[in-house]
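**Q** Guided by the hints, dock chain B with the ligands onto chain A, whose structure is given.
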Amino acid sequence: MNSRKVIRIAWEGLNRNKLRSLLTMLGVIIGVAAVIIMVAVSAGTEATIAEQIQGLGTNLVFIQESFTRMTPGQRQTGNGLTFEDADAIKENIPGISGVVVEQNASETVKYGGQSIDDVSVLGTTIDFPEVRDMTIAEGRYFTQTELDRKSKVAVLGATLAEELFGSNTAIGQVITVGSVKLTVIGVMEEKGSTGGVDYNSNVFTPITVVFAKFNRDPFARMMGNRVRMIYVAVENEEDIEDTIYQIELLLAKRHEVTLDTLDFTVTTQDDIIETQESTTAAFRNLLGWVAGVSLLVGGIGIMNIMLVSVTERTREIGIRQSIGATPSDIRRQFLTEALLLSLVGGLIGVISGIAGAKIFGAVGDMRTVVSISSVIIAFSSAAAVGIFFGYFPANKAAQLDPIEALRHE
Amino acid sequence: MTQKPIIQIENLTKIYGVGDIQVKALENVTMTVHEGEFVAIMGPSGSGKSTLMNILGCLDRPSEGKYRLAGEDVSEMDKIQLAIIRNQKIGFIFQSYNLLPRTTALENVMLPMVYNRGNDIPDDEQRQRALKALEQVGLAERVNHQPQELSGGQCQRVAIARALVNKPVLILADEPTGNLDTKSSVEIMSILTKLHEEGKTIVMVTHENDIASYSQRIIRFRDGQIDTDKPNGHKPMLQMKKEVDHELS
Ligand SMILES: Nc1ncnc2c1ncn2[C@@H]1O[C@H](COP(=O)(O)OP(=O)(O)O)[C@@H](O)[C@H]1O
Ligand SMILES: [Mg+2]
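Note that the protein sequences, when read in sequence, are chains A and B.
Residues in the first sequence are numbered consecutively from 5, following the working numbering.
Residues in the second sequence are numbered consecutively from 643, following the working numbering.
Here chain A stands alone, though its shape is the one from the complex (with noise of 0.2 Å):
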């Protein structure tokens, strides 16, 4: 018998019993499907932050204080990494396009009769706009004079100028912010909200403002020029290596320590992302064991289906042996019903689990992303559970004794 009749009989058997057929395989369906989207998901939540960090800037370094080797109780020493850290390492370290630090502040923003609470007042340094990969939409960014002098000058996120002016011109205004009064020099362009952060409702100023201001809270004012991080942007991929080392030098001497007992961490963009990647690695595992096991739950539905149908069909399987089927007709049959089951189910969980990640995408504020290597495993994974789950019923069915068959009611 040809492996095309094989398949034919099996198809016709299948057929036989359409609704069973497709209940048979909504396991499998569910199954695929689930690995399919699962994946989508977590690669789509990837994708994202891979995404924001990418968007934070190109070629970024950040420096950021490490209290790994304080023990309890013990104070840091050292002045921690600073503003002028920052200056440093404009000033020493070549083939750097850009130092960036911030410090945040919370504060009441008022202009005219308007009133707004909780307005995330950004103090940065003048390269921040290059280093962020923002633009300026009208006037200008703050100076280095004004840095220096700590100039109350403001530039605005866009939203928060539409909200503050409307259509009229912000540029020349003056903002009261908390309790000091600042000039409005420059409007942003409006940012897609990369790096999960919208920058469109803040407040631009000088970092030395917020230092002298905004930093009203003790611990904060204690902390003087104290600053969390520092961001340096490096002009050539290449020197990324070498510039951290530079850093690293110079930070080490500037705190007076040495290179094992670094009081700081340098870490680039394709570090975070690598160690977002281990985490969402993790939860992918844990998704893709989900999956794999409903996908087993849809093979040992197969199993049971078909053991129901071998008994069911005792004397259909009689009547084939009776006039010439041998055993191994008989398994393949079986067993080729059984991966036709697998891989129609297969495909219609491909089809609706690449359709539920598109609607999931397009729906939630999730995003997705279809990897063809999910869809080849979860198809042949499909199959595979066809086909070991298929044995032991064509298996038994190839075993029965005709006349005892052909008995069966």
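No lab work stands behind these hints, which were simulated from the structure alone.
Fair warning: there could be bad hints in the mix.
Stated by the list, open to error - No farther apart than 20 Å at their CA atoms in a straight line, the calculated lysine to any residue pairs in the SDA-like style are these:
no.	chain 1	residue 1	chain 2	residue 2
1	A	Lys9	B	Ile763
2	A	Lys9	B	Arg759
3	B	Lys646	B	Lys809
4	A	Lys9	B	Asp765
Claimed, not checked - So these bits of chain B aren't anywhere near chain A, every CB distance computed over 12 Å:
no.	residue
5	Asp662
6	Gly688
7	Asp715
8	Glu783
Heads up, the beta-carbon is just placed ideally off N, CA and C, and yes, glycines get one too.
**A** Same frame as chain A, but now just chain B with the ligands:
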């Protein structure tokens, strides 16, 4: 007139069960059926007729004894070899037809060819052969009907067509008219008679004398053993009717 033997069985014994509950369904049965013979097997219920037919049909194996089918020893064959013999050498007709449900007459008749080993018959030829077999049993008009749409007599004719399609050396029928009314029984017997006239070897089980009267030779069983084995003295009613018709015309 020395015809070649189709069935040769020697000291055939079939024992069912084990230990104390053993049943000897057949005991030391020896018989020979030659090519072209039409044999009826009779006997009371439980005398071992079906057991013998199942062994003759290679659906079962004897506990002891030899069985040669068309010169080939089949008593020692394994499951696979027996399946091939069933497919190639034997056409089995059952009391309950044993057609595949929800499958057309044509497809039912084609089924033995689907399981042909080695020589794959092209689809077209399979169809032609199946159609021809259905024509032979007078069902040319019903080829696309499914068993549940056919009468008992028609189902049995489909089963005969299926038994013929692989050109077997032996046709076995276990109470082929057991489920049928008189009119359908006569139809079935006239088909078997025609096959006999064409030279087919037929062994048929029946417990009706009217049906047995179509055969040439009647073997009676009792308690798993051959009781009598005699040529049939009577002419079948159908043939007698023909002769009457002939005389009248
Ligand atoms: N599978 C079986 N297991 C046990 N005993 C059986 C089996 N098949 C038939 N028998 C017994 O063998 C004897 C012959 O049965 P069978 O050949 O069916 O008789 P018949 O067809 O002449 O009515 C009976 O006593 C029957 O009960
Ligand atoms: Mg019987």
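**Q** Does the structure keep lysine 9 of chain A and isoleucine 763 of chain B at a Cα separation of 20 Å or less?
**A** holds (12 Å)
**Q** For aspartate 715 of chain B, is the shortest CB-to-CB distance to chain A above 12 Å, so the non-interface label stands?
**A** holds (19 Å)
**Q** For lysine 9 of chain A and aspartate 765 of chain B, compute the direct alpha-carbon distance and say whether it is at most 20 Å.
**A** holds (10 Å)
**Q** Given the hint that lysine 646 of chain B pairs with lysine 809 of chain B, test it: the Cα-Cα distance must not exceed 20 Å.
**A** With a Cα-Cα distance of about 17 Å, the restraint between lysine 646 of chain B and lysine 809 of chain B holds, given a limit of 20 Å.
**Q** Would the non-interface assignment of glutamate 783 of chain B survive a Cβ cutoff of 12 Å against chain A?
**A** holds (24 Å)
**Q** Is it the case that aspartate 662 of chain B keeps its Cβ farther than 12 Å from each residue Cβ in chain A?
**A** Given that every Cβ of chain A is farther than 12 Å from that of aspartate 662 of chain B, nearest at about 22 Å, it holds.
**Q** Check the hint pairing lysine 9 of chain A with arginine 759 of chain B against an upper bound of 20 Å on the C-alpha distance.
**A** holds (13 Å)
**Q** A cut-off of 12 Å on Cβ-Cβ distance, and glycine 688 of chain B was said to be off the interface with chain A. Does that hold?
**A** The assertion about glycine 688 of chain B holds, with a minimum of 15 Å to chain A.
Of the hints listed earlier, there is not a single one the structure fails to meet.
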